[in-house]
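Protein chains in written order, with my numbering: chain D, 48 to 217; chain U, 151 to 340.
I should point out that these hints are in silico values taken from the structure, not numbers from a laboratory. The structure presented is a predicted model; accordingly, all values stated were derived computationally and were not measured. Backbone N, C-alpha and C fix where the C-beta goes; we use that ideal spot for every residue, glycine too. Hints may be right or wrong, so weigh each one.
As the list claims (entries may be wrong) - Just the calculated beta-carbon pair ranges, DEER-fashion:
(1) D/E54 with U/L311: 38 to 46 angstroms
(2) D/I51 with U/L308: 54 to 62 angstroms
(3) D/I51 with U/A199: 39 to 47 angstroms
(4) U/I236 with D/A194: 40 to 48 angstroms
(5) U/A200 with D/D79: 26 to 34 angstroms
(6) U/W312 with D/R153: 45 to 53 angstroms
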Amino acid sequence: MSVIQDERYRLAVEDFGPALERLARGYEADPDLRRDLLQDIHTALWRSFAGYDALCSPRTWAYRVAHNVGASHILKRRGKAARQVGLEELADAAGDDDPERNVGERRAMARLLTLIQALGPPDSQVMLLYLEDLDAAAIGEVTGLSAGAVATKIHRIKAILARQFQQGEG
Amino acid sequence: MTTHPESDPLKSAWRAQAIEIAPMPLDQIQARLKTFQARSRRALLVAAAAAAGGIFIAGLEWGAVAGVLWRTGVGLMAVGYLAVLILAYQRTQRHQGEVSGAACAAFLRQSLKRRLFVVRGGWLLFAAPLLPGVTVLLTAMALRNTGPVANFAPIAVLGGLWLAAMLSIQSRAARDLRRQLAELEAATQA
């Protein structure tokens with residue numbers, strides 16, 4: 048079993064390793080804590096493959112485990128971290144934006160990370176999976192949210208991103 | 151709903167971010183697991199040492215004062231320490247197995263419900279095994295001295311203030327958790 052577990056983990060990291068690191072960025076702003084979180088995710092992923100039931104794809108499984116570790120991390124840190132907001136509140140706040148701050152891809156990415164980190168799960172999870180280019184059905188499978196809820200959240204996410212970034216570029 | 155990342159500059163930029171952390175080799179994972187298990191064992195040892203200390207003191211106190219009530223209190227305290235140790239052990243074991251491939255909403259719901267249980271008074275479960283012993287000991291002390299009211303009053307006031315502060319803080323936390331659970335339910339049923 049251990050050889051199969053090792054092999055499943057190796058393949059998952061090969062396919063989704065970079066996505067897991069981006070996911071960790073969405074959950075933790077502090078670089079040292081993020082490194083710790085990513086190591087927790089990798090450890091959990093390896094352990095999880097001992098009980099992988101193949102009822103879902105390895106991609107869905109890997110994202111579920113990683114997001115569950117991320118959500119646990121958020122819940123543990125909630126007392127210390129800044130208050131998290133919902134998509135609606137974030138959409139309202141987006142209107143106060145100064146377009147001149149949206150200069151350069153690096154700055155845009157930093158702002159995007161700030162947006163994601165301000166959201167709590169499951170909104171942040173939907174946003175991260177959307178950015179990884181998963182479709183609504185795949186996001187629903189990972190998160191367990193209904194197709195309608197995922198579609199609504201993606202619609203709101205797109206509107207927020209458009210207001211935050213595209214207007215700034217224009 | 152899906153767009154090709156190439157057609158969405160933000161998705162492209164997101165996926166093009168530089169990767170800073172090297173993949174984690176298996177021996178590093180094993181080492182991390184061992185560290186985690188060692189930390190859990192240490193926490194358990196501390197709890198065991200505290201319980202052993204409590205039982206030892208209870209043993210010393212057993213013969214210190216004559217009286218059935220006092221000795222009953224000491225005996226209950228010793229049993230209480232053991233019960234707290236067992237609870238601590240069970241909690242450590244539960245946390246060691248906490249890796250979940252369940253859908254995120256189900257996992258989140260379970261985590262939120264567990265936290266809600268704790269803030270709604272579940273934390274008292276960990277103190278509860280000591281309460282009978284403390285109550286009997288305090289009663290024995292009070293009866294031996296100037297009377298129950300005079301001895302209990304300051305302790306009761308302090309205990310009441312502490313409990314009121316805890317309940318106020320935890321009722322706010324419970325409200326926040328209930329809101330999150332309601333939002334999650336709405337999102338999963340929509």
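Status of each hint after checking the structure:
| no. | hint | result |
| --- | --- | --- |
| 1 | D/E54 with U/L311: 38 to 46 angstroms | violated (59 angstroms) |
| 2 | D/I51 with U/L308: 54 to 62 angstroms | holds (58 angstroms) |
| 3 | D/I51 with U/A199: 39 to 47 angstroms | holds (41 angstroms) |
| 4 | U/I236 with D/A194: 40 to 48 angstroms | holds (45 angstroms) |
| 5 | U/A200 with D/D79: 26 to 34 angstroms | holds (31 angstroms) |
| 6 | U/W312 with D/R153: 45 to 53 angstroms | holds (50 angstroms) |
In terms of the numbered hints stated before, the structure departs from hint 1 and from no other.
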